[in-house]
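Peer 1: Take the given structure of chain A and dock chains B and C to it, following the hints.
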Amino acid sequence: MDEFIRNAWYPLAWSRDISQSLTQRRILGQLVVLYRKASGTVVALDDACPHRLAPLSMGRLKDDNIECGYHGLTFDCSGQCIRIPGQPVIPPNARVRAYPIVENMGLAWIWMGDPALADPSKVFDLPQYHDANWSAVEGDALEIGCHYLNLADNLCDPAHVSFVHLSTLGNSASEDIPVHSEKQGDTFLTWRWILDAPAIPLFQKFGNFAGNVDRWHYYHYTPPCIAMVDFGSAPTGTGAPDGERSNSLQIFACHFITPVDAERCIDHWLFVKNFQTDEATTQAMIGQFRTAFDEDKTILEAIHLNEKEPRNTRPVRIAIDASPMRMRRAVDKIIETEKSFAQSGGANAA
Amino acid sequence: MDEFIRNAWYPLAWSRDISQSLTQRRILGQLVVLYRKASGTVVALDDACPHRLAPLSMGRLKDDNIECGYHGLTFDCSGQCIRIPGQPVIPPNARVRAYPIVENMGLAWIWMGDPALADPSKVFDLPQYHDANWSAVEGDALEIGCHYLNLADNLCDPAHVSFVHLSTLGNSASEDIPVHSEKQGDTFLTWRWILDAPAIPLFQKFGNFAGNVDRWHYYHYTPPCIAMVDFGSAPTGTGAPDGERSNSLQIFACHFITPVDAERCIDHWLFVKNFQTDEATTQAMIGQFRTAFDEDKTILEAIHLNEKEPRNTRPVRIAIDASPMRMRRAVDKIIETEKSFAQSGGANAA
Amino acid sequence: MDEFIRNAWYPLAWSRDISQSLTQRRILGQLVVLYRKASGTVVALDDACPHRLAPLSMGRLKDDNIECGYHGLTFDCSGQCIRIPGQPVIPPNARVRAYPIVENMGLAWIWMGDPALADPSKVFDLPQYHDANWSAVEGDALEIGCHYLNLADNLCDPAHVSFVHLSTLGNSASEDIPVHSEKQGDTFLTWRWILDAPAIPLFQKFGNFAGNVDRWHYYHYTPPCIAMVDFGSAPTGTGAPDGERSNSLQIFACHFITPVDAERCIDHWLFVKNFQTDEATTQAMIGQFRTAFDEDKTILEAIHLNEKEPRNTRPVRIAIDASPMRMRRAVDKIIETEKSFAQSGGANAA
Numbered sequence: 020m021d022e023f024i025r026n027a028w029y030p031l032a033w034s035r036d037i038s039q040s041l042t043q044r045r046i047l048g049q050l051v052v053l054y055r056k057a058s059g060t061v062v063a064l065d066d067a068c069p070h071r072l073a074p075l076s077m078g079r080l081k082d083d084n085i086e087c088g089y090h091g092l093t094f095d096c097s098g099q100c101i102r103i104p105g106q107p108v109i110p111p112n113a114r115v116r117a118y119p120i121v122e123n124m125g126l127a128w129i130w131m132g133d134p135a136l137a138d139p140s141k142v143f144d145l146p147q148y149h150d151a152n153w154s155a156v157e158g159d160a161l162e163i164g165c166h167y168l169n170l171a172d173n174l175c176d177p178a179h180v181s182f183v184h185l186s187t188l189g190n191s192a193s194e195d196i197p198v199h200s201e202k203q204g205d206t207f208l209t210w211r212w213i214l215d216a217p218a219i220p221l222f223q224k225f226g227n228f229a230g231n232v233d234r235w236h237y238y239h240y241t242p243p244c245i246a247m248v249d250f251g252s253a254p255t256g257t258g259a260p261d262g263e264r265s266n267s268l269q270i271f272a273c274h275f276i277t278p279v280d281a282e283r284c285i286d287h288w289l290f291v292k293n294f295q296t297d298e299a300t301t302q303a304m305i306g307q308f309r310t311a312f313d314e315d316k317t318i319l320e321a322i323h324l325n326e327k328e329p330r331n332t333r334p335v336r337i338a339i340d341a342s343p344m345r346m347r348r349a350v351d352k353i354i355e356t357e358k359s360f361a362q363s364g365g366a367n368a369a
Numbered sequence: 020m021d022e023f024i025r026n027a028w029y030p031l032a033w034s035r036d037i038s039q040s041l042t043q044r045r046i047l048g049q050l051v052v053l054y055r056k057a058s059g060t061v062v063a064l065d066d067a068c069p070h071r072l073a074p075l076s077m078g079r080l081k082d083d084n085i086e087c088g089y090h091g092l093t094f095d096c097s098g099q100c101i102r103i104p105g106q107p108v109i110p111p112n113a114r115v116r117a118y119p120i121v122e123n124m125g126l127a128w129i130w131m132g133d134p135a136l137a138d139p140s141k142v143f144d145l146p147q148y149h150d151a152n153w154s155a156v157e158g159d160a161l162e163i164g165c166h167y168l169n170l171a172d173n174l175c176d177p178a179h180v181s182f183v184h185l186s187t188l189g190n191s192a193s194e195d196i197p198v199h200s201e202k203q204g205d206t207f208l209t210w211r212w213i214l215d216a217p218a219i220p221l222f223q224k225f226g227n228f229a230g231n232v233d234r235w236h237y238y239h240y241t242p243p244c245i246a247m248v249d250f251g252s253a254p255t256g257t258g259a260p261d262g263e264r265s266n267s268l269q270i271f272a273c274h275f276i277t278p279v280d281a282e283r284c285i286d287h288w289l290f291v292k293n294f295q296t297d298e299a300t301t302q303a304m305i306g307q308f309r310t311a312f313d314e315d316k317t318i319l320e321a322i323h324l325n326e327k328e329p330r331n332t333r334p335v336r337i338a339i340d341a342s343p344m345r346m347r348r349a350v351d352k353i354i355e356t357e358k359s360f361a362q363s364g365g366a367n368a369a
Numbered sequence: 020m021d022e023f024i025r026n027a028w029y030p031l032a033w034s035r036d037i038s039q040s041l042t043q044r045r046i047l048g049q050l051v052v053l054y055r056k057a058s059g060t061v062v063a064l065d066d067a068c069p070h071r072l073a074p075l076s077m078g079r080l081k082d083d084n085i086e087c088g089y090h091g092l093t094f095d096c097s098g099q100c101i102r103i104p105g106q107p108v109i110p111p112n113a114r115v116r117a118y119p120i121v122e123n124m125g126l127a128w129i130w131m132g133d134p135a136l137a138d139p140s141k142v143f144d145l146p147q148y149h150d151a152n153w154s155a156v157e158g159d160a161l162e163i164g165c166h167y168l169n170l171a172d173n174l175c176d177p178a179h180v181s182f183v184h185l186s187t188l189g190n191s192a193s194e195d196i197p198v199h200s201e202k203q204g205d206t207f208l209t210w211r212w213i214l215d216a217p218a219i220p221l222f223q224k225f226g227n228f229a230g231n232v233d234r235w236h237y238y239h240y241t242p243p244c245i246a247m248v249d250f251g252s253a254p255t256g257t258g259a260p261d262g263e264r265s266n267s268l269q270i271f272a273c274h275f276i277t278p279v280d281a282e283r284c285i286d287h288w289l290f291v292k293n294f295q296t297d298e299a300t301t302q303a304m305i306g307q308f309r310t311a312f313d314e315d316k317t318i319l320e321a322i323h324l325n326e327k328e329p330r331n332t333r334p335v336r337i338a339i340d341a342s343p344m345r346m347r348r349a350v351d352k353i354i355e356t357e358k359s360f361a362q363s364g365g366a367n368a369a
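Here the protein sequences come in this chain order: A, B and C. Position one of the first sequence corresponds to residue 20 (the working numbering), numbered consecutively onward. Position one of the second sequence corresponds to residue 20 (the working numbering), numbered consecutively onward. Position one of the third sequence corresponds to residue 20 (the working numbering), numbered consecutively onward.
Misleading hints may appear alongside valid ones.
No copy labels: a pair is met if it fits in one copy or bridges any two.
[What the hints assert, rightly or not] Below, simulated DSS-like cross-link-like pairs (lysine-lysine); rule was C-alpha separation at most 30 Å, straight line: (1) K81 / K316; (2) K358 / K327; (3) K327 / K81; (4) K56 / K224; (5) K56 / K352.
Hint data in this document are derived by calculation from the structure and do not stem from the laboratory.
The shape of chain A in the complex, shown without the other chains (with noise of 0.2 Å):
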């Protein structure tokens, strides 16, 4: 699996990483380089001179322009090359591919497809993210060894979290609970409830409840990129099942996947929640995603790794896979469509 949907807008990099000097990021394989201008827009072009092939990353910003470190040829913030030193001609074809840039939810996002259909509101938005009641966290760029669908299966997949995150997110009362999906618009949802079960460590630690709670897990996966989790619980018998959640804990934990190539992937998550948290306890939950996702990491990198053994039977697929498999297919079917259009001209046909 080496081909990647190219029109989507896909996580590129943390906002909070990108400034007024060149840096390097590689996407659906490629290399882009990446800086903000003067004013305070985000670039990305491709990060290789189309003279010699220097990484455009390894020149130097002048304005906002770049100049190559090789022999000075120089790139603007749309790729056209306006100089090449010694000579006064600049060949038609002296020029870089631009990426669209558009920033949200503290990330910069790129459109790596056809240009002509980069629309900046489509871009995906969790309105309490930016809602005063609730408060956003930001986490880290979790770089995982793993094509990213084996991400995305992890994450259509509410069940691996009684195996998986016992110290976290998870508890052995959740083993043996069915999950149900279904396909909502262009999103997989995955979800299950467990009623009347005590509460999972996270909420153990952060939350105050005196006894057992229900709680739910709805995983919502768009492809390819966004992923959230709407997770949470409430007291049991308060009526979280049929709506009431004014007395629960919620968390919506989201998970914007940049495909670096076809044997890794980044995950930039970050959380909101409806209840506020001192710095001290912020970073504490922090701490505890972090340990949650370095263990969907660390099956994750096994699982890779071992995709390319020898092996001596087919895969066993199970009733908890009927979400993931639903997703794979839309997945490949979406990469047909999108060839087949580009076949036949593009945006620009017709």
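Peer 2: Quick look at chains B and C alone, frame taken from chain A:
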């Protein structure tokens, strides 16, 4: 060369290294998970859950069964899945392959071939290992970065001792003495006698020879993985070459070879000697062997790399190659026989 | 690109690094063992015993011969096997290839092609290296992770100096000055003059120019491995552009290139100057060159990696590429000529 003889008992691990916890080994290019049951019996299974391919060795031992660390699928010692959390039905293909294991001479031996042919009585044994008049000393699991047949070449080859092991097992007295070889049943025997010469460094350190000795090196190699070097010395003129060994120091150095894959093997070595030593002397002898086998490792790894280099010339074969060449042809023939047997239906046919 | 010109004297190692001990080098993708005889002559042989392919460089020097460390086969300086322990007969193919070697300008030069064509008088020489009025200073063996022709491009290219070497060999005064080029015999000459401009940092440090200077950069490159950069400065208006160099500081910077394989090369560099310096100043000048050539290494290695990346666009060629492009075509033609010559029987034909 990436094909292996399959119908054989291969050393997998020292018994001392196997406990009631999960550990991973690679053999014949395949990963297996290894553990000891409460009863003491050793279990080996393919190390991949057939669901998502998570390594079972990253799971948890629950009684004598393995629970996968990703979704809790549980496998018994026969490799049968006995639990899938969240669903009552277990698909018939939810199983992993289990491999026959026997323990002998301090090692667990695995059968990677047709289980119907696995006869525990055929595992290699050296009677002196169990004889109270002899003394057995376990060595290491020495990983060598070469194809196991290059190590096997070395173990059909007493001549290298004069040049590789000058500080331990050989000296220059033997440089020009030809080797003899013959096939005895399935075993390739290669040997030479060095008469009336100074003792080798090992026996100068740990023997008490006043003058010159008659010494012998008998290399027994039985494909694919059993090598036993019978070597020793007796005072010159006391009749050792005619079979009188009562005055001799004699050592059986065993090399039990694990082909890890086409690029690596493990030499599980031990030795059995006809004389007792105190602990300090035993450790010093282990040190001498360790030095010697590291010398083999160094040269075998260099050859392994050089075999991948472009060549101007074809290899030269000399007199001492008769035994390794015959051995190589026999191995090729066994592999071919196994393949035709497998194609005709294996042990279950007819 | 993994083909090399073979009929040429290539630098193999600094003479200072060759002694009466065995050492290994890789050139044109091949491993050779290198040592100095008692008489001082340098010997180079293929670094693999033709028996089991053990590297001869892991063997022992016995007088001027090499004894293989595995089974004692012994080879003389012509590569002929002169001893096989344990057998009297030496098969006719028991030999390794020996390569012609000459020493000049502090380096051992090897001939990897048809030995019948190896003419020691054709090894590169710079007369000033031996001239008492000039001063020669040896530099390093700088390994660069790129194809040697990318380094050769760089050495047909004075223009990069204005952007890569701002702290040492260039300054911005030259940015927009075009380069000239012509082929002189087998040599590709590329040059430019920068008139009435501040001295470059190197000459600001080590020269005594009161005002502006006229400076020149003449890049001489003779495929496959000889580059000599003639550069210098004289006070503006003292006639340097017309040939009057008596007031000038002049340096010949030599780069003798060893193609290690398709991924690496070694730049053996030295310089010869028309002025004397004390030891501390000489060391400081070496430091300046080291800084400059490390800057080339950094950019050449980044380009080498970028050349393996997927590309959206075709390379752009600009005016300064005329010389490297012509050089590349000439190299291709030499390789093709050598191939047809070899196919028609080589120097031994007709």
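Peer 1: A separate judgement is required for each hint: does it hold in the structure or not?
Peer 2: Now the hints, each set against the structure:
no.	hint	in the structure
1	K81 / K316	between (40 Å within a copy, 24 Å between copies)
2	K358 / K327	both (27 Å within a copy, 24 Å between copies)
3	K327 / K81	between (46 Å within a copy, 28 Å between copies)
4	K56 / K224	neither (43 Å within a copy, 37 Å between copies)
5	K56 / K352	neither (38 Å within a copy, 47 Å between copies)
Comparing the model with each numbered hint stated earlier shows that hints 4, 5 do not hold.
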